[in-house]
Amino acid sequence: MTTGPLSKSMPLTTKLSHTAVFWIGFCVVMAVLIVAPLVLPEYWRRFLTEILIWGLLAMSSDILIGYTGMVSFGHSAFFGLGMYGAAAALLIVSPPNLWLAILFGLGGAAGAALFVAYFSTRLRDIYFAITTLIFSQIFYVIIFTWTEVTGGENGLIFSRPHFTIPFLYDTRFSTATLHWFVLAVVAGSYVLLRRIMQSPFGMVLQSIRENEARTRAIGYPVERYKIVAVMLSGLFAGLAGVLYAVQNQFAAAEFVFFTTSGDTVIFNVMGGIGTLVGPIVGAGFFQLIRELLSRIFGDQFPYLIPLGVIFIVMIIFLPQGLLGFARRWLNR
Amino acid sequence: MNQTAPRTEPIVLVEDVHTYYGKSHILHGVTLHVQPGEVVGLLGRNGVGKSTTLKTIMGLVRPSHGSVLLDGNAISGLPPHKLARLGIGYVPEDRRIFRLLTVMENLRTGLDRNGVTEERKAGLLDKAFTYFPVLAERRNQAGGTLSGGEQQMLAIARAMMLEPKIILLDEPTEGLMPRMVSQIRQIIDVLHREGVAILLVEQNVPLTLEASERVYIMEKGLVRHHCAASEIKVDDPVIRQHLGV
Amino acid sequence: MDAVAHFFQSIPVDLLIIQTVNGVVTGMILALVASGLTLIFGIMDVVNFAHGELFMLGAYVGVLVLTATGSFWIALVLSALIVALLGAAIQVATLRPLLGRDSLNTILATFGISLILQNYALWQFGPVARKIGEPITSHFNLFYLTYPWYRILIALLSAAIIGGFWLFLKYGKYGVWIRATTQDRVMAQAMGIPVPMVYTAVFAIGAAMAAASGVLFAPLVSVNHTMGLDWVLKAFIVVVIGGMGNLGGSIGAAIFISLLEAYAAIWVDPSQAVIVSFVVLILTLLFRPTGLFVPTPK
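Protein chains in written order, with the numbering used here: chain A, 848 to 1179; chain B, 252 to 496; chain C, 40 to 337.
Hints are not guaranteed to be accurate.
[Claimed, not checked] Restraint-style ranges between C-beta atoms, simulated for each label pair: (1) 53(C) / 1097(A): 39 to 47 Å; (2) 1035(A) / 139(C): 54 to 62 Å; (3) 214(C) / 869(A): 54 to 62 Å.
[Stated by the list, open to error] Here are the simulated DSS-like cross-link-like pairs (lysine-lysine), alpha carbons at most 30 Å apart as the crow flies: (4) 209(C) / 372(B); (5) 170(C) / 378(B); (6) 333(B) / 212(C); (7) 372(B) / 471(B); (8) 378(B) / 333(B); (9) 274(B) / 484(B); (10) 378(B) / 416(B); (11) 484(B) / 416(B); (12) 372(B) / 170(C); (13) 372(B) / 333(B); (14) 484(B) / 471(B); (15) 416(B) / 212(C); (16) 274(B) / 333(B); (17) 372(B) / 416(B); (18) 416(B) / 471(B); (19) 333(B) / 209(C); (20) 212(C) / 378(B).
If you're looking for bench data, these hints aren't it; they were derived computationally from the structure.
Every residue gets a Cβ at the ideal spot worked out from N, C-alpha and C, and that includes glycine.
With the hints as extra help, turn the sequences into a complete structure.
Set out below in structure tokens:
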């Protein structure tokens, strides 16, 4: 797998064993996730699927936070546009078509991402963070107030598309098959993104993170790389939005609101930035603690208070996140 | 080496100090001392760790190994603002005047300490303005508008506001006109007469040999040579070897 | 030509003047919030995400003290003091350990704080908004409106607080410490200024200013746990437009965008009027990334 310039100097044996161990680990986790819906009760099946979707969103934002060194506080925009794009496809075209929903969702997210990327990549650090936040709020205000098209506060409700392979196969999603579909998309995205981050393109992003000025001095068009990174990140965030829409059969303005972006950042920090899988682990960790707390103390419990405390404690004492220790290994 | 070992309790004693910037090892075990009221020169090429030695004493850089003593008490690990109040004045290489603060405000940063009466403050200001009349003229002017030499005077005057036992002077004559250089030279003498110890880092070898009682010569993060200033001449082989003059 | 003339005739002059007054009033409160934010950024490179929550908590504490004592002015002072203490505690517990780390760590930490404070407020005070009355109920006539004097008073009080703070920065002993630390924190330390204490104090002052604006603003709206985010967003916009760390620029920018939003609200829904300030922000970033007003002195 690893054909980047860095791995060529490594001895063949360690390279092989590392790759082998990685893929064995990958397969074990996949096997567990594939079997899970068969043994889990309905509630937890949906719960697990949702973690995967949030994980995909968080993973998409890791491209920026972990690999390029830009903290996006605006991923809710891409997620939301993916969601509303899918909603548009599912409401306009009859019968609702899954692939069209994905296409529309990605289109919507790409549009938003292009817009955000063009303006905000000129800025760095906190300025980037603040502008992404403000851009996402622009999308939120538009979606929230444009009631005729977006349903405003009430959002849009639609029916779930079938799983189709044109001319070959057509079936309704069950919670289990939907889980497998989501798993396939998320796993595929992971493998693809990992490949991209190990490619020369990914290396340039990481070198921007380490030293932007030097990267520019070597002759890389840093701004262009950043724009592509934001686009890429936005596309996968949009994909997560599509999956969420398909799973829950609605699109709502509250998901475009800033809190979704905030959660995304929390997943990243908790799981470990710069690892791609870390954010998925972070999403799982977050959702599990939240579930645990509301089971113990009831639905009204302000679960975000203890989670916020954990978040801050982790920033101070465990800035690498839960999977941070494995960062080098995972990226090899 | 023995005849130059501390006779009385030194005011500053640096013992086997190792300092790192990130991964690069800057000081490889520096040992030196300054007696009360003594002017000590620290010579060496650029990048041998002279400034880092001063920063380490000031607490701006933490030594990874070794100790710094002030009046016999270990001070490594104390924050710089405590060290300033314990009596270390610092005049950094690039002067670091508060550019948007007026001359008066620059001086006040060192004056507004607890337990300093208004009379004493006035006395300290008077003294500074006597030594540096130009600062009195420019007292309400922003620090950033002063000339290089004036800024250097302000930096020294500012450190004097702390009533320090020792002043760490980092290249005070760098980039100054000859007239200014001789003024700085006079100030060093005045401070010396007042009993303030000075650790002087300089590229200007003749000035250092003239002003100091003892000199240390550093190379690659270590003190290579140590002697009384009178024992050494500007064209000494030692100087040529370590400073390449 | 006719169309243009018609457009100008259709602008309701009275409404324009009313909105100008409204814009200045909100602008002054926003300036008070933004001054704290820009001060904290200027001195310690911390973008305080929790600033809006300090505003919100200030309003809540104000409501509580007002209910207990019956005096709006006691509420204003006490709320500022209590929130200042809270701010100091927050700074010591979460930001001090992050000193020297990348500034992105601090934006994340303050984001965490805002999450905690907001949910605490929801938990403690419930989702129902609180209302408090204006301490001064007299009105004057502004065209067809009877305009409350209290709003004018808010603008004046905000200006007074900002002015008082400016005097403190300029002439106070600790004001000089703060300015020295802003310019060169290393040298400030070497001059014996206890920089960690200065940081804590500045954070507390910023918090107090946010809380004061919260109390002043509370009678105009209902107090609820989500009001912080709106304000922090606006304050961010103001601080970026005004130039990060630039006090004067922030005040100018606060009034500028509040006026724009007030005028925009003549034609569009107020919730859409915020887009105007978003657009101003984007344009500023495109053409004057250091801020629309005076280059940042540093």
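Decide if the proposed pair is consistent with the structure: residue 378(B) and residue 416(B), CA atoms, cutoff 30 Å inclusive. Satisfied, since the Cα-Cα distance of roughly 16 Å is no more than 30 Å.
Please work out if residue 170(C) and residue 378(B) have their alpha carbons no farther apart than 30 Å. Not OK: residue 170(C) and residue 378(B) at ~61 Å, beyond 30 Å, violated.
For residue 209(C) and residue 372(B), compute the direct alpha-carbon distance and say whether it is at most 30 Å. Holds, because 19 Å separates the two Cα atoms, which is no more than 30 Å.
Range hint 54 to 62 Å (beta carbons of residue 214(C) and residue 869(A)) holds or violated: At roughly 58 Å between Cβ atoms, residue 869(A) and residue 214(C) fall inside 54 to 62 Å, so the hint holds.
Residue 378(B) paired with residue 333(B) [C-alpha distance capped at 30 Å]: Distance of about 24 Å is within 30 Å: holds.
Would you check the hint for residue 212(C) and residue 378(B), treating anything up to 30 Å between C-alpha atoms as holding? 21 Å, holds
For a C-alpha distance cap of 30 Å, please report whether residue 333(B) and residue 212(C) respect it. Holds - the C-alpha atoms of residue 212(C) and residue 333(B) are around 18 Å apart, at most 30 Å.
Starting from residue 274(B), check that the Cα of residue 484(B) is at most 30 Å away, please. 37 Å, violated
Given hint residue 416(B) paired with residue 372(B) - CA-CA distance at most 30 Å: Holds, because 17 Å separates the two Cα atoms, which is no more than 30 Å.
Against the 30 Å threshold, does the CA-CA distance of residue 372(B) and residue 170(C) hold or violate the hint? 52 Å, violated
Could you grab the alpha-carbon distance between residue 484(B) and residue 471(B) and see if it respects the 30 Å cut-off? 22 Å, holds
30 Å limit on alpha-carbon distance, applied to hinted pair residue 484(B) and residue 416(B): At roughly 29 Å apart (the allowed maximum being 30 Å), residue 416(B) and residue 484(B) satisfy the hint.
Violated hints, in rising order: 2, 5, 7, 9, 12; the structure is consistent with all others.
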